[in-house]
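Visitor: Here's the letter readout for the chains.
Protein chains: 2
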Amino acid sequence: MLKFNEAKKILLKNIDRLPTVKTSLSENILNTVLAENIISPENIPNCDNSQMDGYAVNSSDTKKTPILLKIIGEVKAGDIFFKKLKTGEAVKIMTGAPIPKGADAVVMVEDTEEERLKVKGQKLKFVKILKPVKKGENIRKAGEDVRKGEMILKNGTVLNPAQIGLLASIGKTEIKIVKRPKIAIITTGNEIVNASVKKLPKGKVRNSNLWTLITLLKRDGAIPVQFETIPDNLTKIKSAIKQAFSISDVVIISAGISVGKYDYVKTALKQLGTKLLFWKVAIKPGKAFAFSKMGTVPIFSLPGNPVSTMITYLELVRPALLKMTGKQSTGLPRIKAILLHNIYEKSDRKQFLRGFFYKKDNKFFVKTTGMQGSGILKSMSKANCFIVLDEKTSFIKKGSLVNIEILNREDGYGCD
Amino acid sequence: MLKFNEAKKILLKNIDRLPTVKTSLSENILNTVLAENIISPENIPNCDNSQMDGYAVNSSDTKKTPILLKIIGEVKAGDIFFKKLKTGEAVKIMTGAPIPKGADAVVMVEDTEEERLKVKGQKLKFVKILKPVKKGENIRKAGEDVRKGEMILKNGTVLNPAQIGLLASIGKTEIKIVKRPKIAIITTGNEIVNASVKKLPKGKVRNSNLWTLITLLKRDGAIPVQFETIPDNLTKIKSAIKQAFSISDVVIISAGISVGKYDYVKTALKQLGTKLLFWKVAIKPGKAFAFSKMGTVPIFSLPGNPVSTMITYLELVRPALLKMTGKQSTGLPRIKAILLHNIYEKSDRKQFLRGFFYKKDNKFFVKTTGMQGSGILKSMSKANCFIVLDEKTSFIKKGSLVNIEILNREDGYGCD
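Listed in order, the protein sequences are those of chains V and A. Just so we're aligned, residue 2 is where the first sequence starts under my numbering, counting upward by one. Just so we're aligned, residue 2 is where the second sequence starts under my numbering, counting upward by one.
Keep in mind that the hints are not guaranteed to be accurate.
Claimed, not checked - Below, a list of computed lysine to any residue pairs in the SDA-like style, where the Cα atoms sit at most 20 Å apart:
(1) V:LYS281 <-> A:PRO42
(2) V:LYS203 <-> A:PRO42
(3) A:LYS155 <-> V:ASP362
(4) V:LYS360 <-> A:GLY144
(5) V:LYS383 <-> A:LYS203
(6) A:LYS360 <-> V:LYS119
(7) V:LYS281 <-> A:GLN52
(8) A:LYS281 <-> V:PRO202
(9) V:LYS102 <-> A:LYS203
(10) A:LYS102 <-> V:LYS383
(11) V:LYS200 <-> A:THR331
(12) V:LYS200 <-> A:THR113
(13) A:LYS360 <-> V:ASP362
(14) V:LYS199 <-> A:GLU43
(15) V:LYS383 <-> A:GLY144
It should be emphasised that the hints constitute simulated quantities derived from the structure, not laboratory data.
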């Protein structure tokens, strides 16, 4: 059986980045990948402006203070003062307003007093400057944030909120990103009924995998396309997969991939002419995973047990999706934590145990969340991490440092 | 000036949980907060079923092996076998199929051989059992995942993908959650123009705060309602705020909250009869932050500089939103990291420096991302954390452990 690391390597080698699409800031572009270099067409800010409410002055007028300067006008943010300031003059200025010509500094309002004086019979406004200012003081220079011609974001950037603001600030409201993948979810099985069925017939199982997968896919920025549950019938499975090819970038099939007499997915894929890259991976749970391709469309066949579905999604499908959308990092966040109890879990396969971790005194601690059977969704629902055990591990002592992978980013990694 | 911790305390004390709403699994419920206890109305699985493809048998028949048992039929997942198994008989069974009456174990197919024998002139199917099985072996018991009457999720749970699957598995497709808040964003300022303006007039600034805030709010599960940019005009600001009250659970106002002559937000809020809980917080950047209330509607007035907007959102508004939506944890994920260079940043206020952290050899390292002015969105866009300096800190030596807060959950926390 293929080892996990080899399987992941083959998988990623056979996955290509999706094409580029044009989109706008008003779409959901958080965490999508930029597909162009962004160069600023202008300076930000686009002119020298005041950092303070105060008075724009010529700094050489303030060498000896206190000194009286004549107020020749006022300029607010968003306005322009068109006259040129002469020696002995000041312009009242608001934060963000452009610096008038002839001024080279701003005195903050707290270091001034306004006065009215009679000059040649006229009542005029003056400002008494109480402290000297240096040239450039309290001025935000044009281009201080971004210079004209500067590359502000590189092709391949995973867009965060500040970067989306930065794009807005230079007027780049239309951008190229890597396409968000459209993903067909085909759930199969005679025993599967819709989650909305109120009274569950004996031997039937509600379709939980569909809802887990939809949620996971949305979280990873993909667009799920949901199919009706397909019974264990070769013709119907083939027809669903064929339809999926025509409308999606990726196909995920849940269940029907094991060795049972009525597991038709492998046969269906073969008859449809897909290329099987591997089947069965040495992980526990989740062994019966298959990776195939139809042209450029990857097909992931996941074992049907709810926990196996989640683990193979997170450990094998998700890395592929991240690579398709242009991301560098393809694994779950991984840290080391101190094990709170002994673990006896013998297997030749790599194991992903459901764990719960927390932070205390800047250290991470972890324990398992209960029964580890592949059908036990309850222990999965309590988990916020996987404890990852390498192949052939059978016993780990309480207090050991173990590798954990963080599942729910919202849990805040042991937030204060 | 109010210290940050006191401000946050006052703020959270004055924020209540939003009402409960009914929703369905097909809505975006990931990371929303469940507002009811969920008790399973049935066992999951709802009957004993086979963990393997193989043969359902009476275990006492297999004490001495090899032994031949007569195959009296077959049962697949989703079907029921209605006859009762007698001693000397076996039923071919598929993974997930209900265990027939009279059987108490399953022999996996690998430990069997099928044979056709002539008995009294008839050709009959037999199975040769090669290994004994114990009672209960390879059987998944009814209720093994969830027992009827068991509380599977508690009121207050922040829903993760596995829990959404668990809800589907018990047929709970309609649930009560805490309402997602609708949030009016009012951006103000004579200098502000739409991000889509191609040629920026001198002294004008494109509205980046709107896009940063929309992105942050969506990420935190809120529903942003965007207003036109309002000029520095008391009547227009009042009218926008009044309209916002009538359609949203929270109002966020960007800019116009400082001490400038044309900063009308405080006056507008006063004239509208809102209650001011505090104005100005000892943080850098972001000092000019105000928290008011109009009845139950919180109003957050954020300073207009792009970085101040982000910091006050993340450190003060977001905690309030998380509390409103029923979450326990209200801070950004916080860890300690090793500082890669000296920091000289003197301030009486608590400081949030833009930083970049990474993991190496299971240790976290951090450095600043460049100029720290409150207008410098570029250094914010490069940051994946804040370096948090307590009040009156002025110098931190390279190599020290500093507190950092993680900004972009997608960065993967130093993923392998």
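Visitor: Going through the earlier hints one by one, which of them does the structure break, listed in rising order?
Guide: 1, 3, 4, 5, 6, 8, 10, 11 and 12
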